[in-house]
Structures are given as C-alpha cells and as structure tokens.
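Peer 1: Letter by letter, the chains look like this.
There are 2 protein chains.
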Amino acid sequence: MKKINWYPPIILGLLALLVITFGALVVSRASLGPAQQFAEGTGQETFQWKLVTTWPKNFPGLGSAPERFAKKVEEMSAGRLKIKVYGAGELVPAMGVFGAVSEGAAQMGHGAAYYWKGKLPAAQFFTAVPFGLNAQEMNGWLHHGGGLELWEELYAPFNLIPMAGGSTGVQMAGWFNKEINSVEDLKGLKMRIPGLGGEVLNRAGGTAVTIPGGELYTALQTGVIDATEWVGPYNDLAFGFHQIAEYYYYPGWHEPGSILEFIINKSAFEKLPGDLQAIVRAAARDANQDMLDEYTARNNRALKELVDKHGVQLKRLPDEVLAHLKTINTEILEETAAEDPQFARIYEAFREFEAQVIPYHRISEEAYYQTRLLELDQ
Amino acid sequence: MKKINWYPPIILGLLALLVITFGALVVSRASLGPAQQFAEGTGQETFQWKLVTTWPKNFPGLGSAPERFAKKVEEMSAGRLKIKVYGAGELVPAMGVFGAVSEGAAQMGHGAAYYWKGKLPAAQFFTAVPFGLNAQEMNGWLHHGGGLELWEELYAPFNLIPMAGGSTGVQMAGWFNKEINSVEDLKGLKMRIPGLGGEVLNRAGGTAVTIPGGELYTALQTGVIDATEWVGPYNDLAFGFHQIAEYYYYPGWHEPGSILEFIINKSAFEKLPGDLQAIVRAAARDANQDMLDEYTARNNRALKELVDKHGVQLKRLPDEVLAHLKTINTEILEETAAEDPQFARIYEAFREFEAQVIPYHRISEEAYYQTRLLELDQ
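Just so you know, the sequences run in chain order A and B. Just so we're aligned, residue 40 is where the first sequence starts under the numbering used here, counting upward by one. Just so we're aligned, residue 40 is where the second sequence starts under the numbering used here, counting upward by one.
This is chain A alone, in the form it adopts within the complex (with noise of 0.2 Å):
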C-alpha cells in the first residue's frame, strides 16, 4: 500500500513543505467558519466537513473505510455532522492530505501515517514497523498500550488529532519477476518499496525506487523495475500485477499489520458539541475495524482466484534472506532513533510493547495456528 502520486514530486514537495510548515499557525476560527450553521428551527447547529484522502475516491478496502466513517456520523447525528469524501486529487493532491487538515482547508483527512515520514519520521510507528506488530497487536498498542497517546503528542503541534483508519493485515512481499533464493539476489534488485521497507532494501544492496501508482504497471510490464510491494490478493487481484510479474512472494516483512489514519483539525473538532465528537470517534472505531474484517475475509478469495485461474506461483521468501532483512531493519531503527529524540522516545515505548505482547501471542495466537494445520490422527 503506497502513495499514489498525481502531481510532480517536486511541487508536492514543496506544498508539501509550505502546507505542513506553516499549517499551524495559520488555522483560524474564520477558516472553519463555512463548516458551521445553524439548522433551522431545530436550534441544533449543523455542521459540514471536508474529508480530504489519500486514495483514489471509493478505492476498494482502504478508500472504503472513509466513506464508510461518513455514512455512519450521518446516521448516528440524524444529519447534524454531514462529511464529504473527497478522493486523491479532487480537493488536494494524495501528499496534501496532512497539510490541508492541518492548515483547515478540510477538517479531516484519511491516509497513512508512514507518508509524513519525510517530516516525520517517528509518524512511521503509527503504520508499519517493519517485523513490528501485526493489526490485533497494534491495536492493543494504540488503544491500551499507550500508543495513541504517544501519536496524538506527535500531531499536536501540527493542530491534528490522529486516529486509527483501518487495516490490512499482513501484506504480502510483493510481485517479483527475478527469484530470491538467496542474500545475493537482493543485491541490484531494483523493486518499489517505499518507507523502512526500502531503506532496509537499499542496505541490502538493492535499489528502493518510488513510482506513482499510475505508473506502475508499465515499469513493472516494461523491467523498469524487476519487483512491486503493493497490498495484499484482495487489492492486488484487481491491479493486474498477475499478467505481467512472475513471483507472488510473502510474508510481508515489511508491512505486518499496517493501520491507517483518521486525522481531525483540532480546531474544528473542539468546536462540536460533545455528543458529536463522541460520535466521530466512534466511527473512527467502528471503521478501523471493519476494514480488517473486510480484508480478512476478502484476501483469500481473491488468493485463491490469482492461483487456479491465473496461475500465479506462491513463493516464500527463504529464511536466510528474512533473517538478513530483519538484521537490517534493526540497524536503521537503532541509527535513526540515535539521531531523532522523537523517534527514540516513541521506538522505545514499541519495543516495550512488543517485549509485552509478543511471547504471549508465541502460545496463544502463533501456537494455535500451528495447531490446526496438525494431521488428524488415524
């Protein structure tokens, strides 16, 4: 799951760079004031709110978490809260998202905290660590662990509140049309893999590159690239990588449990009544989960529709090469937090988290799977 970009890097840059500098300080009670009257009669204000996200407008799964969130603040305010979803580029470009929540141009947008890593780079906990926590653990780490808190400091000087948007599961490693057998054959890999994913990738001699959505098709048809990370069957059936890569590789190192965002202008949160505040939580919560439930029972149909009719060929990425990536991944954790207070404060409270969940879920979660995959007697 990765950005998808309509506009040159270069311009989104530096909106990007202008929007999120100076945002803050430029948010207003005027700028929110349109989002704001009085119905009627009633004497019950209503409001009207701008979302603002990163995908294409009803993308399956993930673009239809947001318009799910605005479906259910409707019903649940009898209309008092009306929300508009704009998809990628109908209001503001995918990588204008954070700005335009930020500076109120939208009161909320939907994406993934792990595209403000340029900013940001603690904002990268809140998606995906790689050989971090999958969805059930990062939920109990945003919702019982502390984790939201520590998310909500990160956006606080940028006016957003942050909530959890969905998630995916496990993702998989991507469509390759080069076979990994070995630490050696990441070396020269050139493969679209963005955040830590690609970073760890470029330690290990390969080459991370960024490519638009859009664009990918063709780089991959056309051996621009030899390698795509995308999502999972569900969202990747429906791409076509099928009819034009190789390999279907898993598991999805990079991305165990990827969660997305919900993030609210401050202000203009702070000014609904608390009834309706209580609501949008809510249905930051009821969407968060569905989109998993979703994927869950999603993913393997499509799975098995890419195996026996388009015949793709299922491959796991060997342990050496897993072993290696994980090496990696934990350097550049160490070395980025020994740069970044931020990132060291916040990469500090997930390993305690991890070192919490993670031998529990060794006999409970792990040991029942393996438990059902056991011969039956006889």
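Among the hints, a few may not be true.
Each pair may be met inside one copy or between any two copies, as identical chains are not told apart.
What the hints assert, rightly or not - Straight-line Cα separation of at most 27 Å, DSSO-like style, residue types lysine-lysine; simulated pairs: (1) K365 x K343; (2) K123 x K343; (3) K217 x K110; (4) K365 x K310; (5) K110 x K310; (6) K96 x K229; (7) K365 x K123.
It is worth saying that the hints were derived from the structure and are not from the lab.
Fit chain B to the given chain A structure using the hints.
Peer 2: Coordinates of chain B only, in the frame set by chain A:
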C-alpha cells in the same frame, strides 16, 4: 470463560425454560413502556434501558465491555438513551439473560451465545468452535462473510437482535494438576470445561463437569477436579489459580477466539429513532474491538507475572493429544449436524468461510509469526 451460576441449577433451568419458551409470546409494547418517555420541552424522546449480563458487575475484561458500551451510547446520544448495567444475579441470574431480554424484562443483555446451546445448539458457532476461527477470523466471518446474518436469523424467533460484543483472543488450555503427555492421560481426567470442548473431552475418556465460578477454586484445590479452563492470563491471574494448580497448558484449542454477544430486544430496538439505532450499533462495534485490544495488551503482562513471580509451569499440549481432540471434535460436529438441520446449515457456512480464510492466514499471519521468531544472522 464460563457461565457463573449463583442460583441452584434446577431453579435456573426452570426459569430458563420458562423465559425462553414463552418469552417471544409475551413481548408487548406495554412491557417496554416505562423505558420510553419524552424529555420535557425538547420534543425529543428519551429512553432508559436495562442491560443484564452474565458476568459479575465490572468483571475484568468481560464485564467492562457492557460498561463501556453504556457510557459511549450515553455520550453519543447526549443522554437521550441511558443504559443501566446489571451484574449477574442483580436483576436476573446469569443464565436468565437470554430469556429476560427475549421477553422484554430488560432491553439488552451481554454474555456469550454458547451459553444458550441447550436450547439452540447452533448458537455455539457464534462464540467459539474448537479448532475453528480465531478472533480476527470470527470478526471477518461475522461482518463480511455472512455470519452475522445467520446469527440474526437464529435469534429472530426469540425477538432478539445479536451483535458481536468483544473477544478474548485465543484462550489458554487451562490449569492442570495432572500432566498430559499422551491421549492416555485424558482418560479419567476430571475437568471443568463446558460446551463443545467438554463433549470432546468426554469422548476422549475424560469427564467434563460444570461447576459455578464461585466454587471452582475449592473444587480444584480439594481435588474434586483435576483441571479447569478459564480464559487467559489476564483473567486467570486475578482468579488465583496459580496458587492451587501445577501446570498451565496451552494452546486453547477449545476456544480459539471466543466472541461475546450483545443481545437486544427487537421491539425495544425498533422503538428507537434511526440515529439512536445507529449509535447502538456503532457502540457495540466499538466495544467489540476494544475488548480484544484490552486482552491483547494485558494478557502478556499477566503471563509474565504468573511465570516470573509465581513460578507457574507453562506447558504445551502434545501434538498427538491435540490431533486426537481435533479428530473427535470433527466427529461431534458432524453428528450434531446430522441431527439438527439448523446446526447443519450454519456449520456448512462456517466451514466454507474457514476454507476461505485459512489458506491466506497460513501465508500471512502465521508465516509472519514464524518470521518474527527467526534467529538473526551473524
């Protein structure tokens, strides 16, 4: 996690029989009347609901879900729907919850569907099936795999609407004072284990017994039973089983991802305006996710305390034993399906979803858990 009876089983049984058999017939608008009134001046109707539970008031984890639910509903509705939570035995006994909500003595209940298996064997599919789906998969099945619709159909004749009401995650196999090294050791084992798990144990040569929560500690201490299952570290530590049992076995083959339930009297629900109905649904979804998040975050800390501080001996059930229990479990499910068309229909849907979800989880969640445990290279 089991039923907690404070009333003698015979009275309970008679009560349950009465309320379940006649409940649907006696519901009337009148019986729900006092729950509904108009707030003075505002023109908006307000509602007062009772929510009866199968747990003691504020029981950790399980009992906090209905409290959270009630609080969220009150906030979101700005006090228009107030819900008072009653612990087991305060208004009706634990096992009287289904009947009380069915007949309208309370508008809502919180418990677990498999408690009603005496009346509705198929209800067990909506809590836990041995060797079946884990929490993430159950949520996928219920919310995007057709499971909830089957559950609604099952409860409709009782004037009840069911919703998922939290999950414990994979449970522990239980506390034992007898080592289990082979299938031979199951013979003569006296264990408190309800539901399908208990039937499996009986057929394996053991004796499944039902003992109310309040008598469990003494029964295990005095050797009346050799073993008991309960929930997992977070709840078990509070119970004090480590003081009287030698071994703590895993994995929880009998309850791989128990889902709890909210049940709502259909007539009461239909009296709510659309916004309050949507609020009730979202608050249930919120509580459903929050409980799993809480268990995920807290189980491991409790496990660590049990092992490090109290010297508990963790043991894994041998593969031979698990495979034997799995074979018996399949036999029982198939025999029950042959006798009960309703059970058969839901069993078929459940198996179909298993076939949809298990292969992808094998290469995603499970492969990822394994990857995380790889030794680092060098």
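Peer 1: Would you pick out the hints that fail for this structure and give their numbers low to high?
Peer 2: 2, 3, 4, 6 and 7
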